[in-house]
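Protein chains in written order, with the numbering used here: chain A, 1 to 263; chain B, 1 to 264.
Source of the hints: derived by calculation from the structure; they are not laboratory data. Backbone N, C-alpha and C fix where the C-beta goes; we use that ideal spot for every residue, glycine too. Please note that a few of the clues may not be correct.
Stretches of chain A that chain B covers, calculated by requiring three or more beta carbons in the stretch to come under 8 Å of a beta carbon on chain B [what the hints assert, rightly or not]: (1) 41-52; (2) 102-116.
Quick list of simulated restraints, FRET-style, between CB atoms [to be verified]: (3) A:I2 <-> B:W169: 43 to 53 Å; (4) A:S257 <-> B:F29: 45 to 55 Å; (5) B:K113 <-> A:I133: 32 to 42 Å; (6) B:A254 <-> A:V205: 35 to 45 Å.
Partial pick of chain A residues on the chain B-facing surface, computed with a CB cut under 7 Å [unchecked claim]: (7) L27; (8) M36; (9) S59; (10) S136; (11) E139; (12) S140; (13) A144; (14) V183; (15) Y185; (16) A187.
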Amino acid sequence: MIGRYARLLLVFAKVETQYELEYRTNLIFSVLQQAMIMVTSIGAMLILFSYTTTLNGWSLAEMLVLLGVFYIVQGIGDTLFGPSFERLLEHIRLGTLDFTLLKPANGQFLVSTRHVKLRNSAQLVLGLVVLGIGISRLESALSAAQVAGFIVALGCGFALMYSLLLVLSTLAFWFVRVENLLVIYGAFVDASRFPVDIYPGWLRVTLSSVAPVGIAVTVPAQALAGRVDALGIAALALAATLAWVLSAWFWRRGLRSYTGASA
Amino acid sequence: MIATYRTLLVAQFQQASQYRVSMFLYLLFSLIRPIIFLAAWTAVAAARGGSVGGFSAADFAGYYVCMALVLHFTTAWNAYEFEFEVAQGRLSPKLLRPLHPLHYSVVENITWKFFTAFGLVPALAFVAITFQARFETQWWNVALFVPSLLLAAAIRFFLGWIVATAAFWTTRVNAAVTLFDRIMFIFAGQIAPLALMPGILQSIAYVLPFGYIIGVPTDILRGGATLDQALLWMGGQVFWLIVSYAGLQLIWRAGVRQYSAVGA
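Sequences are here, hints too, so could you generate the full structure?
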């Protein structure tokens with residue numbers, strides 16, 4: 001079962017990559033753009049840190065770890081399911097979702113992963129580099145428990161982000177035009193490049209509850225910095241599982257409201 | 001010309017009033033970046049025992065509230081649409097009209113700013129209150145701010161068009177636009193007030209046009225400059241206005257000659 005879906009994912013990635021390679025200059029420019037964005041945001045960070053050694057308790061090394069995690073999370077989102085959800089909205093509006101639903105595989109899986117966009121994984125690779133630089137400059141060596149906590153927290157972060165995107169896209173079954181909601185989502189993702197604890201109450205609460213992109217980035221970085229305990233990770237895992245289950249239920253509920261092209 | 005603009009404005013207003021909700025949502029982007037960096041600088045100020053180079057947390061709040069206002073009123077997004085128009089050949093009918101395509105986007109730009117201002121002002125008031133912003137604005141600051149903002153918006157608009165005309169040669173403007181946006185992000189006074197840019201970066205910022213688009217009007221509005229300094233900066237704005245206008249004229253003429261609608 002899992003093997004079959006892994007094979008499907010591989011096929012999607014292959015087809016989309018072949019398509020991308022037809023436009024090679026575009027691909028190169030896209031990678032350059034992602035690199036430019038990253039270099040300038042590291043520059044912004046260095047300017048802030050030219051005035052201080054800690055930002056609300058976060059050292060420069062820890063901030064680099066956080067920025068690395070930010071680009072990893074965003075990179076996977078933009079590669080794996082972001083582009084697919086964009087297409088989903090189009091399919092719902094045009095009524096062409098019928099063709100997807102008729103295919104002999106799980107509908108939720110198909111709409112979430114069909115349009116893998118490999119060029120956006122440049123962010124992911126660059127994010128890993130920044131993460132590596134950040135880790136190498138951390139004061140204390142990493143323990144096995146910290147690394148384990150990081151991996152679990154990162155997995156939970158993806159689950160939270162995915163669930164939120166799925167819920168937002170599912171709303172299209174009732175409201176049709178939900179691109180605007182994705183704009184709000186993008187704005188909140190932007191805010192998660194800094195640790196949630198630097199924000200005032202109302203924004204911090206939003207970034208940890210309704211739009212949990214903030215904790216999706218902050219907690220894995222905290223795990224590497226050794227500033228979150230097992231209980232915190234467990235709570236995050238519980239929240240992520242809950243979000244995952246609820247969003248899948250919501251998707252099935254939304255699907256029942258889908259009327260198709262000619263209906 | 002005035003009659004033309006009146007007609008265009010009426011048409012654009014009617015069109016824009018259909019998309020009120022989405023316009024307000026795009027406002028979020030004018031707001032979120034300034035709030036992010038305001039929060040970061042507030043944390044830096046706290047780490048340094050209250051202030052950074054003469055800026056207290058309240059001064060940062062005043063700066064970033066003014067900055068969000070300036071950012072909003074100087075924005076121009078034509079470069080994004082232009083690539084699409086050239087690639088699809090949609091520019092051709094526009095070139096045939098007796099009016100330069102530039103005027104249509106001027107009107108579109110003004111309409112959007114007018115409508116969204118109704119959402120922006122209360123949102124900024126909320127930010128100013130929650131961050132306890134302090135302004136040192138005097139009457140002459142407001143008097144100079146208005147022309148300074150208009151100059152800034154015009155410079156930004158012309159520069160945006162210069163970047164967009166790259167589409168005549170490549171039809172891939174996206175990378176050029178990103179480069180422009182990111183240099184502006186660093187040097188315009190968005191990540192830090194220009195006065196706080198470290199060392200050589202500050203000198204570069206005062207040479208490049210970007211600071212005259214965002215940083216200068218912001219500092220004039222919040223009362224962060226002496227009268228002499230403000231006037232000097234506005235001289236710089238006039239300089240960049242002339243340069244960007246002349247540059248656009250040259251590049252546009254060369255570009256239109258180069259333009260052959262894709263598919264034609």
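Status of the hints after comparison with the structure:
Counting residues of the stretch 41-52 of chain A whose beta carbon lies closer than 8 Å to any beta carbon of chain B gives 7, which reaches the threshold of three, so the coverage claim holds. With 0 residues carrying a beta carbon less than 8 Å from a beta carbon of chain B, the stretch 102-116 of chain A misses the three-residue requirement, and the given coverage is violated. Restraint check, I2 of chain A to W169 of chain B: a C-beta distance of roughly 49 Å satisfies the suggested window 43 to 53 Å. The given range of 45 to 55 Å is broken by S257 of chain A and F29 of chain B, whose C-beta atoms sit roughly 31 Å from each other.
Distance hint for K113 of chain B and I133 of chain A: a CB-CB separation of about 41 Å, consistent with the stated range 32 to 42 Å. Between A254 of chain B and V205 of chain A the C-beta distance comes to about 53 Å, which lies outside the given range of 35 to 45 Å. Taking 7 Å as the C-beta contact cut-off toward chain B, the hint placing L27 of chain A at the interface is violated, the least distance being around 11 Å. With its C-beta approaching chain B no nearer than about 5 Å, M36 of chain A sits inside the 7 Å limit, and its interface hint holds.
At a threshold of 7 Å, the smallest CB-CB gap from S59 of chain A to chain B is about 11 Å, leaving the interface hint violated. The beta carbon of S136 of chain A comes no nearer than 24 Å to any beta carbon in chain B, farther than 7 Å, and the hint placing it at the interface is violated. Checking E139 of chain A against chain B by beta carbon gives a least distance of about 17 Å; that is not within 7 Å, so the hint is violated. About 21 Å separates the beta-carbon of S140 of chain A from the nearest beta-carbon of chain B, more than 7 Å, and the hint is not met.
For A144 of chain A, the shortest C-beta to C-beta distance to chain B is roughly 31 Å, which exceeds 7 Å, and the interface hint is violated. Hint status for V183 of chain A relative to chain B: holds, with the closest Cβ pair at about 5 Å, below 7 Å. A hinted interface residue such as Y185 of chain A counts as satisfied when its beta carbon comes closer than 7 Å to some beta carbon of chain B; here the least separation is about 10 Å, so the hint is violated. Checking A187 of chain A against chain B by beta carbon gives a least distance of about 4 Å; that is within 7 Å, so the hint holds.
Hints 2, 4, 6, 7, 9, 10, 11, 12, 13, 15, counting from the list given before, are not met by this structure.
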